[in-house]
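*Asks:* Modelling step: build the complete structure from the supplied sequences, incorporating the hints.
In order, the protein sequence lines correspond to chains Z and P.
The numbering of the first sequence is numbering that gives the first Met the number 0, which starts it at 0 and goes up by one.
The numbering of the second sequence is numbering that gives the first Met the number 0, which starts it at 0 and goes up by one.
Derived from the structure by calculation, the hints contain no laboratory data.
A quick note: this is a predicted structure, and the numbers were derived from the prediction, not measured.
Glycine included, C-beta positions come from ideal geometry on N, C-alpha and C.
Among these hints, one or two may not hold up.
As the list claims (entries may be wrong) - Rough simulated footprint, nothing fancy, chain Z against chain P, three-plus residues with beta-carbon under 8 Å:
#1 179–187
#2 298–309
As the list claims (entries may be wrong) - Capping the alpha-carbon separation at 27 Å, the derived lysine-lysine pairs in DSS-like fashion look like this:
#3 Z:142 / P:154
#4 P:232 / Z:142
#5 Z:142 / P:172
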Amino acid sequence: MAGSKTGRVVFDRFLERWLPQIVVSPLFATSLLFVYGFIAWTVYISFTKSGVMPNYTFSGLSQYIRLWTTPRWLVALENLFIFTSLFIIGCMVIGLLLAILLDQRIRSEGVVRTVYLYPMALSFIVTGTAWKWILNPTLGIEKIIQGLGFENFNFDWLVDPKMAIYTVVIAGIWQSSGYVMALFLAGLRSVDDEIIKAAAIDGAGPVRTYGSIILPIVRPVFFSAFVILSHLAIKSFDLVMALTGGGPGYATDVPATFMYSFAFQRSELGTAAASAVMMLVTITAIYVPYLYSELRRPAK
Amino acid sequence: MLSVRSLMAAVAVTALMLPASSYAGGTVEVLHWWTSGGEAKAVGTLKEAFEKKGGTWIDSPIAGGGGDAAMTALRARVMAGNPPAAVQLKGPGIQEWADQGSLNDVEDVAKAENWDSVLPPSLASIMKYKDKYVAAPVNIHRVDWMWVNPAVLAKVGAEVPTTWEEFNAVADKLKAAGITPLAHGGQPWQDATVFETIVLSQGADFYRKALVELDQDALSGETMVKVFDQLRKLRGYVDPGFSGRDWNLATAMVMNGEAAFQIMGDWAKGEFLAAGKVPGKDFLCAPTPGNGYIFNADSFAFFKVSGEDQIEGQKVLASLIMSPEFQETFNLAKGSIPARTDVSLDKFDSCALKSHEDLTASVKNNAFVPSMAHEMAIPRTVRGEFLDVVTNFFNSDMSSADAAKALADAVKRAQ
Chain Z
0 MAGSKTGRVV FDRFLERWLP QIVVSPLFAT SLLFVYGFIA WTVYISFTKS GVMPNYTFSG
60 LSQYIRLWTT PRWLVALENL FIFTSLFIIG CMVIGLLLAI LLDQRIRSEG VVRTVYLYPM
120 ALSFIVTGTA WKWILNPTLG IEKIIQGLGF ENFNFDWLVD PKMAIYTVVI AGIWQSSGYV
180 MALFLAGLRS VDDEIIKAAA IDGAGPVRTY GSIILPIVRP VFFSAFVILS HLAIKSFDLV
240 MALTGGGPGY ATDVPATFMY SFAFQRSELG TAAASAVMML VTITAIYVPY LYSELRRPAK
Chain P
0 MLSVRSLMAA VAVTALMLPA SSYAGGTVEV LHWWTSGGEA KAVGTLKEAF EKKGGTWIDS
60 PIAGGGGDAA MTALRARVMA GNPPAAVQLK GPGIQEWADQ GSLNDVEDVA KAENWDSVLP
120 PSLASIMKYK DKYVAAPVNI HRVDWMWVNP AVLAKVGAEV PTTWEEFNAV ADKLKAAGIT
180 PLAHGGQPWQ DATVFETIVL SQGADFYRKA LVELDQDALS GETMVKVFDQ LRKLRGYVDP
240 GFSGRDWNLA TAMVMNGEAA FQIMGDWAKG EFLAAGKVPG KDFLCAPTPG NGYIFNADSF
300 AFFKVSGEDQ IEGQKVLASL IMSPEFQETF NLAKGSIPAR TDVSLDKFDS CALKSHEDLT
360 ASVKNNAFVP SMAHEMAIPR TVRGEFLDVV TNFFNSDMSS ADAAKALADA VKRAQ
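*Replies:* Next comes the structure, spelled out in structure tokens:
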């Protein structure tokens, strides 16, 4: 009896010590394989001659050379830069403004907040399709305003290769700024009332209060919004696909659509893998410094 | 896991069938992306015919335009060592898979039924790998068609043009009258379709040099610059909402009299017929300028499967696909014409008859050429580069000379 009792205790100890690891390990193993394993596989494929099927003959940097001499890839990169910067700035500015306005304890705030937040409930596919119709010169805004009598009104960005990427920005900002507003609103509400009252007693106006006191306090929210928006922007695929299909021509291609078209429409797995690796490198370049600064902070 | 299970299924099917009759008709799994109304009906006729012969048909339809999704599925199946017996595959894609050693040949069926003598030689060569048939064609689509609304042309008193100069003159008239001359969908493959019909108007030899043999001089030379000049002209004849439009919406514009012309393969005819329009009266079909014929053909390639049952199934399917009866019923449903040149066309409409007549003439004149835009002429890789350059030209203000040079560079890069 006594033997079995101590045996039980030992077993309990064992469980106590190892259960968490046992529970976590399948998940750990699958992420290791399906995330990091496939990243490694993709990197390897990008150094091979793979075409329609994976081909494991090593071919050095040829796929990268091919990638960087393809004009379409350069267009995709330029678009990514334009889209990401304008999308992040636009969402931040509009989101912050909306949040500050909502923060003035206005009436029926709940309704207004829902109205602004609602676009986030739609998928990018829906947003893209809706804006495709709104911006289509023969169906949407241009047609309506011309119908109102302004014959010379012209708004054909969607079919103008130089401007089309900005229509993607418009649709993206429309979709995501409400969400950023919600983030900021939560941040603003968490600021201690006492501080604001103290500022008011000291005679600070609203601009000074927000600019010098509240916004510095909610600084972490800027970081969260930046991280969320930037990854939305870099992986943006569905919005572009639904809104412009990468067109006109390939004027609104971004790296994600480029990769898709090379891997699945062109049978060029190698080049597609090289472009995927370039995207990974880009993301790493943004996130590593960020994560580094974030992870260091709690140590104090 | 999947392959084990389907192997077991195959074994079970074989075991069930063995006592009855040995491999009557066999088993085929057919992977295709004919999922829209007319297409599904067309593939249904094949299934029925196959089952009538006592075979077992496993249908694997994979939705998704252009077959990208199907190709992804196929890649996964081949890598897992469990390919379907027959796959809807076309053009140089057949050679690509054959190069990977993934295809079975059906040479004995082809020899016995004398495919060589009933298929146009340039089509037959696409179906062969190392001189053996590895695929069977089901139809021939003509790509270089103009679909015309005669009522709209009558409004400006114009005739159907036969050269690009005439076309431009008619289009200018239409434009002056406030009518969109050319209905066009601004998707890369549609831009490329228009582009290749202009290339053909410069002669079948030039077409072959540039779009099949990928000759650098032809790609960057004077003639190609002229082709781009004409394409630039056509860009001026489309309406502002063309970007990203689907081809069938462009067809509808011609149908409703919003536009006069559309340059599109004969699958557009299906749209007209489905709307109850009569060829020759409500709409006209006319070849685009030039004397030639750009073809696009659907076909089934036979993958390397094991088991006598499945191999037997492949043979039966190959023979069925090439049978005159099937080619007739299938193409009546799909809107194309039979790949066999000896099938009677009594039941076909005037456009199909014209297509067949031009086909025979062009084969004789050596002007029967495979479509670049529809993956009949060159590998997908190179085709993609063509599409990029052409669509970029169509949607920008690039000069024709720059476009020709960019085209030559792009093709060199992809090879």
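*Asks:* Take the hints in turn and mark each one as holding or not.
*Replies:* Here is what the structure says about each hint:
no., hint, in the structure
1, 179–187, "holds (count 3)"
2, 298–309, "violated (count 0)"
3, Z:142 / P:154, "25 Å, holds"
4, P:232 / Z:142, "25 Å, holds"
5, Z:142 / P:172, "24 Å, holds"
Consistency note: the structure conflicts with earlier hint 2 alone.
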